[in-house]
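Q: Protein chains in written order, with the working numbering: chain A, 1 to 363; chain B, 1 to 366.
Careful: at least some of the hints might be erroneous.
Covered stretches of chain A (in silico footprint by chain B; criterion: 3 or more residues with CB under 8 Å from a CB of chain B, positions within the stretch not fixed) [unchecked claim]:
# : stretch
1 : 188-199
2 : 203-213
Label-pair restraints from in silico Cβ distances [unchecked claim]:
# : chain 1 : residue 1 : chain 2 : residue 2 : range
3 : A       : Asp252    : B       : Gly265    : 36 to 46 Å
4 : A       : Phe300    : B       : Gly265    : 26 to 36 Å
5 : B       : Phe136    : A       : Asp81     : 34 to 44 Å
6 : B       : Ala256    : A       : Gly263    : 34 to 44 Å
7 : B       : Ala258    : A       : Val331    : 46 to 56 Å
In case anyone wonders, no lab produced these hints; they're calculated from the structure.
Bear in mind the structure is a predicted one, so any value in this text is a computation, not a measurement.
Using N, Cα and C, we set each Cβ at its ideal position, and we do this for glycine too.
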Amino acid sequence: MTDSTTTAARQEPAPGTFVPGTGPAVHAPGRTFGGPRAAWLLAAVVVLALLAGASLAIGARGLPLATVWQALTAFDPANGDHAVVHARIPRTVLGLLAGGALGLAGAAMQGVARNPLADPGILGVNAGAALAVVTGIYVFGVGSLSGYIWFAFVGAAAAAVVVYLIASLGRDGATPVKLALAGAALNAGLYSLMNVILVSSQDTLDRFRFWQVGGIAGRDWSVVLSGLPFLAAGALIVLLTGRILNSLALGDDIARGLGQRVGLARAVTALGIVLLCGSATALAGPVAFVGLVIPHAVRFLTGPDYRWILPFSLVLAPALLLGADIIGRVVLLPGEVPAGIMTALVGAPVFVWLIRRGKGAGL
Amino acid sequence: MTITTSRVNPSAGTPNAGSGRPRRTRLLLNRTAFLAAVVVVLFAVSVLLGSYTVTIPDFFRILIAHLTGGEKIPGASFIVMENKLPRAVIGTMIGAAFGLAGALFQTMLRNPLASPDVIGISYGASAAAVTAIVVFGASGAAVSAAALGGALGVAAIIYAISSGGTLRGTGRGDAAGNRLILAGVGIAAALHAVVNFLMTRADIRTAADALVWLNGSLNSASWDRAGVLALALAVLLPAVVALAGPLRILELGPDAAAGLGIRVGATRLALVVTAVALAAVATAAAGPVSFVAFLAGPIARRFTGKASLPASALVGAVIVLAADYVAANLAPLLLDGTVLPVGVITGALGAPFLLWLLVTANRKDA
Chain A
1 MTDSTTTAAR
11 QEPAPGTFVP
21 GTGPAVHAPG
31 RTFGGPRAAW
41 LLAAVVVLAL
51 LAGASLAIGA
61 RGLPLATVWQ
71 ALTAFDPANG
81 DHAVVHARIP
91 RTVLGLLAGG
101 ALGLAGAAMQ
111 GVARNPLADP
121 GILGVNAGAA
131 LAVVTGIYVF
141 GVGSLSGYIW
151 FAFVGAAAAA
161 VVVYLIASLG
171 RDGATPVKLA
181 LAGAALNAGL
191 YSLMNVILVS
201 SQDTLDRFRF
211 WQVGGIAGRD
221 WSVVLSGLPF
231 LAAGALIVLL
241 TGRILNSLAL
251 GDDIARGLGQ
261 RVGLARAVTA
271 LGIVLLCGSA
281 TALAGPVAFV
291 GLVIPHAVRF
301 LTGPDYRWIL
311 PFSLVLAPAL
321 LLGADIIGRV
331 VLLPGEVPAG
341 IMTALVGAPV
351 FVWLIRRGKG
361 AGL
Chain B
1 MTITTSRVNP
11 SAGTPNAGSG
21 RPRRTRLLLN
31 RTAFLAAVVV
41 VLFAVSVLLG
51 SYTVTIPDFF
61 RILIAHLTGG
71 EKIPGASFIV
81 MENKLPRAVI
91 GTMIGAAFGL
101 AGALFQTMLR
111 NPLASPDVIG
121 ISYGASAAAV
131 TAIVVFGASG
141 AAVSAAALGG
151 ALGVAAIIYA
161 ISSGGTLRGT
171 GRGDAAGNRL
181 ILAGVGIAAA
191 LHAVVNFLMT
201 RADIRTAADA
211 LVWLNGSLNS
221 ASWDRAGVLA
231 LALAVLLPAV
241 VALAGPLRIL
251 ELGPDAAAGL
261 GIRVGATRLA
271 LVVTAVALAA
281 VATAAAGPVS
291 FVAFLAGPIA
301 RRFTGKASLP
311 ASALVGAVIV
321 LAADYVAANL
331 APLLLDGTVL
341 PVGVITGALG
351 APFLLWLLVT
361 ANRKDA
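Turn these sequences into a full structure, and let the hints guide you.
A: Structural data, given as structure tokens:
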């Protein structure tokens, strides 16, 4: 494994230089921002930090910034405002974690599948998690968010594996249409089974419908902590695969010629993706479109190099999720719109725009 | 783009097609007649058998009494005339409508995987209907009207998205078809989020009602609804007959069709409008019964050896009638009396079939 990656690395151009044909389907060299990518990444981190701060400060109960700061530096348990801020901390942390996982998983999925439309929502992962959660509620009487985690994780992972296997049957591998349709087919089948349970048990429906929308509200630290190990392992694996994804982007034959063991590389990356998708869905429920949209936006800043796309996605995806969550908190006062809904409403126009540009059609 | 190039019917029928042509046509006719007979039998089964059994003489006595205003049999008259018969009539009609809509989409887009539920039209109907149920407290005809509007609106949006640029540019139907599918998948996901959100805002009993509608159900079948549906089909079926000829030429590919004097753009638009309208009126009558539109065409082709619109319509009716019998009469025995929506059964059957089709389509290309 190390041997093959270093061989591939020697063939690689230095970061920032453009070699014709290295990008799978991304942008022309003139549209790449080139050199100052580190500066962009720093700016993205600053934006994310600001959003995390906003996520602590903004909500149904408006608080002055000074109070928020006090709550963080000199916490007073007797102060109600401080308690509000503290209650927003696990939510914000969870948004950071789940968003980062979705962004990384989306970018790596698109790289492995050489498919700009790969995304946990479209690829049946959410349906797998949903059926598992419904089974958990109905059969085992699970009733808390922390109880759903394990069901969601196993269901999501199983669905991801099945969709990818089905779509990659045949010589030309997982093409966008095959993946989208394999995902759609599995979605439909799993939702049918789920509906058998939901139609016959109103109690199950009552609990499930609130999980189904996807969001980062109402989770406590135990939820965050139980998802963390899987998430960290997945993130570690995927962040190290930037080079692998770069050479896979050239096509299997060229990647093999560069010394890459294609099957192994793909399997390792897929393992990381399954860990990330599974834990993100377990933590935040089915959140649509973050994993799809962010890597595309990131490519405008970075160009086709996955060694940059991955860290950028890691930073910008939680920014989108937290931003959507913040908007959802204030848009329908006194109620909230869950983050999973807001991301879908933001993501759909972007998806459509990508299709109109022809990115999805011919690949 | 291999899926789209696996044409709708390259593998159907015998390899030596030249000598077998008359036999194949006769086979098609025989099998189509057989399908029609199956529809009649299933119709009779769903009216006569089940939790309340009626004998054939009783059925005609009830029917004649109903039509002539004669003496009614207490209980039986009501169950047959107000419940079982409209249910079977609507089941047959929506099955045929979904089957035709799916076959039209699949033939026109030259993609066996295209159908109104896969490409998102049903989600438009769902989102509009659930909005009507949850936000405006609507029921009955108002929900149907909302579903109709939603389906047509989303179809227009998807068509606008996918057709802009490509049809005008290269005239390649396949790229436009793929965009149609992908745009549908994306819009479906967004509408799905809207539906999920509305479900959390509703009272749990309203949410349960909405869930039954979302799955496609014949439980609220009535003569009013059957009448509206029959009226719509009376307009749409002649349109299908008129378009069947141009459709067969269009199947040769847009360039060849243009060479043969077909106005490709106009014909395609007429086909889309007709197919969407069929799917939309059927969805309005019974909710989005999943996979009927998708399954009917391929099953009809495999069974009759040829792509055939009448056979697709009959297969659609067979699927809905059979699935509804299972959902209404057999499922309650297993699930403590819960009558399942018919769409749950068709979805459970359809998903494995779609996966199988994907796998075999891939094998053929490899």
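Q: Run every hint past the structure and note whether it holds.
A: Verification of the supplied hints:
1. 188-199: holds (count 10)
2. 203-213: holds (count 6)
3. A:Asp252 x B:Gly265: 36 to 46 Å: Given a distance of about 39 Å, which is inside 36 to 46 Å, the answer is holds.
4. A:Phe300 x B:Gly265: 26 to 36 Å: Holds, since phenylalanine 300 of chain A and glycine 265 of chain B (Cβ atoms, about 34 Å apart) stay within the stated range.
5. B:Phe136 x A:Asp81: 34 to 44 Å: Given about 39 Å between the Cβ atoms, the range holds.
6. B:Ala256 x A:Gly263: 34 to 44 Å: holds, 42 Å
7. B:Ala258 x A:Val331: 46 to 56 Å: With Cβ atoms ~49 Å apart, the hint holds.
In this structure, every one of the numbered hints holds.
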